[in-house]
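Asker: Chains A, B and C supply the protein sequences, listed in that same order.
No gaps in the numbering here: position 166 of the first sequence is 166 in the numbering used here, and each next residue is one more.
No gaps in the numbering here: position 136 of the second sequence is 136 in the numbering used here, and each next residue is one more.
No gaps in the numbering here: position 330 of the third sequence is 330 in the numbering used here, and each next residue is one more.
No lab work stands behind these hints: they were computed from the structure.
Honestly, I wouldn't trust all of these hints.
[As the list claims (entries may be wrong)] 30 angstroms max Cα-Cα, derived DSS-like pairs, lysine-lysine:
id: 1; chain 1: B; residue 1: Lys144; chain 2: C; residue 2: Lys361
id: 2; chain 1: C; residue 1: Lys92; chain 2: C; residue 2: Lys402
id: 3; chain 1: A; residue 1: Lys90; chain 2: B; residue 2: Lys119
id: 4; chain 1: C; residue 1: Lys176; chain 2: B; residue 2: Lys144
id: 5; chain 1: C; residue 1: Lys193; chain 2: B; residue 2: Lys159
[Claimed, not checked] Only some residues are given here: those of chain C computed to face chain A with a beta carbon under 10 angstroms:
id: 6; residue: Leu188
id: 7; residue: Phe223
id: 8; residue: Ser237
id: 9; residue: Lys241
id: 10; residue: Thr260
id: 11; residue: Cys266
id: 12; residue: Tyr267
id: 13; residue: Asn290
Positions of the beta carbon are idealized from the N, C-alpha and C atoms, including for glycine.
Residue strings, one per chain:
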Amino acid sequence: MELFVQSLVSGLLLGGLYAAVGVGLSLVFGIMGLTNIAHGCLMILSSFFIMVFARHMSGSVVAAFILTVLVMCVIGALLQGVLINRVLAKGPEPALLVTFGVAIVIWNVLQLIFGADFKSIPSPMASVNAVNTRWVVISGEYLFNFAVSAALILVLHLVIQKTLFGRAIRAAASNVVAAELMGINTGRTYIYIMCLALATGSVGGLLVGQTFGFYSYSGMSYLIIAFGVVVIGGMGSIIGTLLGGVILGVAQLLGAYFFGSGVQILVGYLTLLTLLTLRPRGLLGNMTRE
Amino acid sequence: MTAKRALHSLVPNGKSLGVKTFAVLVAAVASALLPLYGSDYAVSIGLLIFSYISLGQMWNLLAGYSGLVSLGQQAFIGIGAYTLAKVTTVYGQSIALSFFVTAVCAAAFAFVISFPIFKLSGVYFTIGTWIVSESALVFFRNWKFVNFDAGYNIVAAYKIPMGALYLGSFVIGVVSVALVFLILRSKIGLALMAMRDNPGAAEARGVYLYRTKLVCFLISSVYIAVTGVVLYLNIAYVKPGATFGIDWAVSMVFIVVIGGIGTIEGPILGAVIYVILRQYLYNFPGISMILLGAVAVTVILLAPKGIMGALHGRFGFELFSVRRTAAFDGPDREEGARISVKQRR
Amino acid sequence: MKKLKKRKLIAALLCVLFAIMLAACGGGSNGGDGGSDGNADAAADREEILVGFAAPLTGPLAIFMAPTPWVETLCLDYINNELGGIEIDGKKLPVRVIYADTESDSNKAVEAATKLVTENKVDILVGAWTPVGTNTVSAVGERYSVPTFSFGAPEESWLEGGPYEWSMGMQFNYDKLCTDVVNMWDKLDTNKKVGFVFDTDVDGTVGRETYTRLLEGTDYEIFDPGAYTIGNNDFTSMISKLKDAGCDIVCADMITPDFTIFWKQCYQYGYVPKVCTINKGMHYEDLVENLGGGTGNGLTFSALWDKNYPFSSSLLGMTCMEIADKWEAENEGFYPYSIGYDVAMYDIFHDALSRAGTLDKEAVRQAILDTNIDTVFGNLSFNGNRCMQVPAIGTQWVPGDKFEFDKVVVASDTFPAIPAHEPFIIPGTTQN
């Protein structure tokens, strides 16, 4: 019973991290209808940036993170402006293949520069045990991740619901033509969205880099998690990503509890596949574009 | 001119049996005889090229003609490789039997997973197939029956002469081209074209979308699994991470996109480029993938139909005349239809 | 009509291109170094001895290759410059090593090895590190009947690809490795409860089976929470179960990233076992440092080579200690253990090729098989499985002087020539 409670709690907290990984994809997927295969690789790219910047800025991870967010925004603007905006109109598949190509390029360039060694971002919480009772033990790092990620999602939700920029985004999401007629430059809006997505992706990159570490080719495995979060939570629903992350995290850990650690990852995938088949639009999908 | 006319009359439906057919035949015969005059190295490269042609053709059948962009076809390579290992190494049976068992297993697996994944459409189908294949990877890693993640050596394949392996690969490559050619010429091909041009109207006219797509999916999956057997007769060592790896999907996508999606010649050209480029850049690991990735992105942006598509658009050149445009390119769709109509006449 | 002409032109061009391609392929056999057929005439005009190394230059296994260029320079400099080469058919020829990258992937390993054999026509093919690097390359050697040498994998899993005719190995024996790990635990005061943390990869499956067999009938008690899948990044379930079972000893076989996360999470969940034996993932000092906070202190593992071995290289005439010190003087950081394997390889090749005196495939193979020399692993010769067994002995990471950590041998019963120290317990506690 203790172990069951433990799995539930850890899964919930792990879900927070997953949500941070997926929320950027949710923006891009839900609003632009772009299946961004490069999302995971871009996130790992940000992890590398944070690691390198931190090394050159006397180990200040916070400063490195802020700089990374700026760099990622520039990369996002270039990616969207130069490549993706040009193929978006041709339908979902060409855009998907473009991002697929971008993903391969990013991961191989990273491998060329940094090799395939295991990297990580130094974390002050690495061996902190926050709560230790008979019923439940909580890792300081997991708790921190969950808090950061919940805060990120709340802020993002408010931005999209309450600000003018958010309204433009929602307009572009629901009807491109109408939005353009109302004077919204959707191309530019898309660039902003991509920047926002990559900035939030950097948060995911930071948390993943501190908690789990990463390789140059880790991107693809985090992409599945991101898809899981988005598909379960519902495309374009910001709050939904938190729900999606939590469901995925709890499913994995309960899977490990019931069937052993070997199937931990498999249970996550199967949960995702089942929900994908039963509810392709997700549990809380609202800004979906047809 | 009279000789040419005579050649024309040899073909029942009056299609031209001219320079192109001659060229294709010469190339085929020359390739088949490669082990007789080529070096060991040339044979080992040729072997890869024909296997990759087969993979490319089958991915193209899905993505280029049926509108099913799958990133999970590597699951079938894994099934082929593992069936081969199980049948020969573990049970000590013949390689010939493993081809048969592979086909049965792949067909069964494809059929079973078609129920969930055919509920998905568009990009959801892409994600779904990818997750299916990743799940298969994790499942194999934890499956006692296949020795977990430890893999097998295919000892029976060590002593197959390279010439024989090459011929196997040649046959699988050539048959894949012929198969796609025939499928596109058949009723299924017509249905695919109708489906691509207007799914609603096609269905109203009695085209069974689900069944047509399913048939293509089954053919592609089974054939990829059989290609997997040929590939792993060469590699002779199976391990889940390698057999179910996303790398296979990457190569299929690159081959088809660069060569020309929705064309028969495209995957052939793409496979040649892919294999030779990788050999050429062997001592610069990673560079070939970066180059291929960049080329693929450029191709999608500038010439969405790949090299063959661009050649065709420019000069109207094509080797195999069943060409229809890719399922998903918008502006040229009418042109594609026009050409198809012209050919039908 | 103009369009038609263009089409024909392109078709003709393609035909020509194709013909050139085929011709180029066909000509490849003559264009090389002319060594494809007939060893006798090949040797006459040979300029050098070619060793082809299908190596994981990139990818997760690349860490093993870190000292390889340094060792190559050291040994080849000695062979080619000091000794003037190796005498082949009355003429002294230099040795050259060609690398082809396996990208740490079994599919690419076969492609790389095939390229070395067919294009470069190497005299000896080498494959290394883990079954991915050895079983694959050995298979290629068998197919093309080329003398093939592989090292750095468990003997048991390497033999699964056999019986070999052309392949020879220099591997560690998993049975002996596990025996010394148990000997190491014997020296420590614990509750004798062993918790398994294995993945489903080769070492994990072989390890589970071997330890279970070795511990049967002893007073050790095994707790097995089940294998995990490589790449897992949350070990909550595993750690909670180990903690519940109150295991004083954790016996893990994990790759570096998995263990780094696992060990960190052990601390996060307030479970620090008295003894943690981690194989595969913690062979390098910088990796142990990377665990952070000094948590690597006291970790035990099976070292595959150590500078304290009382042996020396017969080629270089240097002791293990001298080689390791030279490395540390000329490079940054702690000496990597893979130096030992690389040096031993050159020891063996130099000895065998000198004895063979020819590049005839059969003769080279026989000469390697007849090897009986002193290397940095002690005296090596082949057993009936065409495999040389090299030591894998119990070792512990302890606080060091020059670097944050140093490693000491703590159990070497399977290779008693190597001196051992007493191990200590990690100053953590197993909580219940």
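Asker: Does each hint fit the structure? Answer for all of them.
Answerer: Hint check:
no., hint, in the structure
1, B:Lys144 - C:Lys361, "violated (40 angstroms)"
2, C:Lys92 - C:Lys402, "violated (43 angstroms)"
3, A:Lys90 - B:Lys119, "holds (23 angstroms)"
4, C:Lys176 - B:Lys144, "holds (25 angstroms)"
5, C:Lys193 - B:Lys159, "violated (48 angstroms)"
6, Leu188, "violated (23 angstroms)"
7, Phe223, "violated (13 angstroms)"
8, Ser237, "holds (4 angstroms)"
9, Lys241, "holds (7 angstroms)"
10, Thr260, "holds (6 angstroms)"
11, Cys266, "holds (9 angstroms)"
12, Tyr267, "holds (4 angstroms)"
13, Asn290, "holds (7 angstroms)"
Of the numbered hints listed earlier, those contradicted by the structure are 1, 2, 5, 6, 7.
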